[in-house]
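So you can see what is in the structure, the chains are spelled out below.
2 protein chains.
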Amino acid sequence: MNTNLHPVISIRLFNDDKCFGPGIAQLLERVKEHRSLRAAAQSMDMAYSKAWTIVRRCEAALGFQLLVYTTGGKNGGGAALTQEGQDLLDAYNRYCRRLRDQADALFREEFGAFL
Amino acid sequence: MNTNLHPVISIRLFNDDKCFGPGIAQLLERVKEHRSLRAAAQSMDMAYSKAWTIVRRCEAALGFQLLVYTTGGKNGGGAALTQEGQDLLDAYNRYCRRLRDQADALFREEFGAFL
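Same order as they appear, the protein sequences are chains G and P.
Under our numbering, residue 174 is the last one in the first sequence; the count climbs by one each step, no gaps.
Under our numbering, residue 174 is the last one in the second sequence; the count climbs by one each step, no gaps.
Because the hints were derived from the structure by calculation, they are not lab data.
Please note that a few of the clues may not be correct.
It does not matter which identical chain is meant; a pair holds if it fits inside one copy or across any two.
Claimed, not checked - Derived lysine to any residue pairs resembling SDA-like cross-links, with alpha carbons at most 25 Å apart:
| id | residue 1 | residue 2 |
| --- | --- | --- |
| 1 | K91 | M103 |
| 2 | K91 | E143 |
| 3 | K77 | L158 |
| 4 | K91 | V127 |
| 5 | K91 | E169 |
Just need the whole structure built from these sequences, with the hints factored in.
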């Protein structure tokens, strides 16, 4: 009766406070692409100050650095993910993919009568 | 390094639009408890008009009634879940419980290095 009925799952990590979710994950992907937090923020129509605050709050909540910054050079300062930042982003992306697959499978089990 | 790190999963059902989630689920539980949409809304500090709109929008998106209303009688009008409403609420509650269990198990697999 509702052929398009489907689950939408939002996945966030909390410590005492919220510390990781889809927004910071996208920002980190853009830092990898643009090699700069400022350019990453611009590509998302986000103020640099907001991007900086998001990263710093995540880092404080997690207890480790997500980004390293380089200064100077021909193209000015840049940014890159730390190894731990990359590991966390990889774990989050795998986790979201696996959990959404399970969510789809469970949905067919539990909501079959409504589809 | 983050012993309290844990996932927080929000689970909603969409058709073309959002049509079921934690808010309407709680409202339906309160209707069962209070046998009245007005009393259910009051118990959540929600305006009756808002509760009524939420239920009607869900019903329109799903294509079936969630509530039946009775009028008159000693205690005035009341409300109860339809069989389909009860079935949907049961399916949603089971789905959330099973998916959160799986989310916890997957989390230990993917984020072990961060715990």
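Structure-based check of each hint:
For a Cα distance limit of 25 Å, the shortest separation of K91 from M103 inside one copy, 14 Å, qualifies, whereas the shortest one across copies, 45 Å, does not. Taking the shortest alpha-carbon separations for K91 and E143, only the intra-copy value of 14 Å comes in at or below 25 Å, while the best inter-copy value is 48 Å. In this assembly of identical chains, the alpha carbons of K77 and L158 lie at most 25 Å apart whether taken from the same copy (19 Å) or from different copies (20 Å). Taking the shortest alpha-carbon separations for K91 and V127, only the intra-copy value of 11 Å comes in at or below 25 Å, while the best inter-copy value is 54 Å.
Within a single copy, K91 and E169 get their C-alpha atoms only as close as 39 Å, which misses the 25 Å cut-off; across copies the closest is 22 Å, which meets it.
Every hint, counting from the list given before, is met by this structure.
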